[in-house]
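Below, each chain spelled out in residue letters.
Number of protein chains: 2
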Amino acid sequence: MARLIRPLANLHEQLRRLPGIGSKTALRLAYHIINMPAEDVQRLAAALVEAKTKVCLCRTCYNLSDTPECSICADPARDKSTICVVEQPQDVMAMERSRGYKGLYHVLHGALSPLDGIGPDNLRIKELLRRLQQGEVKEVILATNSNVEGEATAAYLAQLLKPLGVVTSRIAHGLPVGGDLEYADELTLARALENRLRL
Amino acid sequence: MARLIRPLANLHEQLRRLPGIGSKTALRLAYHIINMPAEDVQRLAAALVEAKTKVCLCRTCYNLSDTPECSICADPARDKSTICVVEQPQDVMAMERSRGYKGLYHVLHGALSPLDGIGPDNLRIKELLRRLQQGEVKEVILATNSNVEGEATAAYLAQLLKPLGVVTSRIAHGLPVGGDLEYADELTLARALENRLRL
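Going line by line, the protein sequences match chains A and B. Per my numbering: the first sequence = residues 1 to 199. Per my numbering: the second sequence = residues 1 to 199.
Simulated from the structure, these hints should not be mistaken for lab results. All values reported here derive from a predicted model rather than from experimental measurement. Any given hint might turn out to be false.
Treat identical chains as interchangeable: a pair holds within one or across any two.
[As the list claims (entries may be wrong)] Listed next, the in silico EDC-like pairs over lysine to aspartate or glutamate satisfying Cα-Cα at most 16 Å (straight line):
| # | residue 1 | residue 2 |
| --- | --- | --- |
| 1 | Lys-54 | Glu-69 |
| 2 | Lys-54 | Glu-39 |
| 3 | Lys-80 | Glu-69 |
| 4 | Lys-24 | Asp-91 |
| 5 | Lys-126 | Glu-87 |
| 6 | Lys-138 | Asp-79 |
When you get a sec, could you build the whole thing from the sequences and use the hints?
Take a look at the structure:
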């Protein structure tokens with residue numbers, strides 16, 4: 001079979017390692033990159049390296065940041081008495097998009113998953129406890145995902161935080177806004193019923 | 001709305017320009033890249049720049065190459081009396097995968113498309129004529145795509161090559177091997193009937 005010329009094969013190989021990029025997509029991207037203006041390729045390569053080198057974790061909440069303290073932690077307008085615990089930096093973005101939250105965050109960088117060898121020590125849980133010890137925080141909102149690992153993490157944290165005297169809450173689960181009852185899965189419906197609000 | 005930190009936003013912006021990569025995919029890739037080992041990111045960035053700088057066009061057939069003459073043109077075992085004309089370097093790869101062809105190639109780098117402003121001067125047609133003038137070539141196989149632009153290009157080239165005294169042929173169109181008659185589209189079936197071979 002015809003082999004790709006070496007620089008192209010190498011690029012193909014590197015692109016193929018990215019998530020969601022199969023062999024054919026990687027090849028299509030590689031051909032596209034060869035046809036791009038040289039300065040655009042330089043700019044893409046520089047953006048890759050810059051993102052990797054300049055992005056660090058906020059020393060307080062462990063969200064992604066390009067400064068030692070992230071813009072949310074550094075914002076004097078945020079309510080410092082509430083911490084919303086999420087699994088990933090992406091979840092902070094999602095919460096911020098909702099515009100419904102004005103407190104701080106804490107990013108665990110994962111969820112408990114014994115099968116994958118991820119225990120409490122692999123998450124930023126010690127760091128969360130340290131923040132709570134400073135006494136400023138009144139409520140911790142557990143906003144981990146609604147899957148097995150996320151629920152287990154929330155349950156574990158709820159147990160752990162109980163003796164500390166802070167209010168612990170879990171984000172609500174139920175029917176998505178705009179969602180049809182007809183198309184909701186049974187677990188979601190069961191949760192929506194269980195957590196019904198008295199009007 | 002929450003804004004991405006600058007290095008991440010920049011990477012997101014650069015990735016989003018790639019074909020088939022939408023905003024969400026670009027963001028997912030950007031987060032993945034931040035979690036990649038630093039040397040892997042360096043390797044990807046280097047592969048991008050290297051592919052762009054080291055890949056050039058073969059001086060004879062205009063296929064992609066990392067040497068002045070591509071490995072196919074430089075191969076003494078290839079039949080120098082036949083040239084297969086294709087639109088893109090990818091098409092050379094596809095032909096080579098079929099293992100059915102032992103001649104040389106000529107890559108046009110596109111197809112005639114007046115609506116997109118692509119005329120004969122934008123393709124490597126002059127270069128093809130120059131190769132034919134050297135007198136070594138006996139047959140030109142037109143293997144442009146089977147869409148409007150590809151067919152127009154093949155028809156144009158067939159007309160152009162007629163006075164030169166070389167045999168001009170067009171690759172066959174018909175039912176795909178392993179394809180069901182039932183599911184073939186009518187144009188393909190019409191071509192398959194029209195080009196039937198007497199046994």
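If you test the structure against every hint from before, which numbers come out violated?
Hints that this structure does not satisfy do not exist here, as all of them hold.
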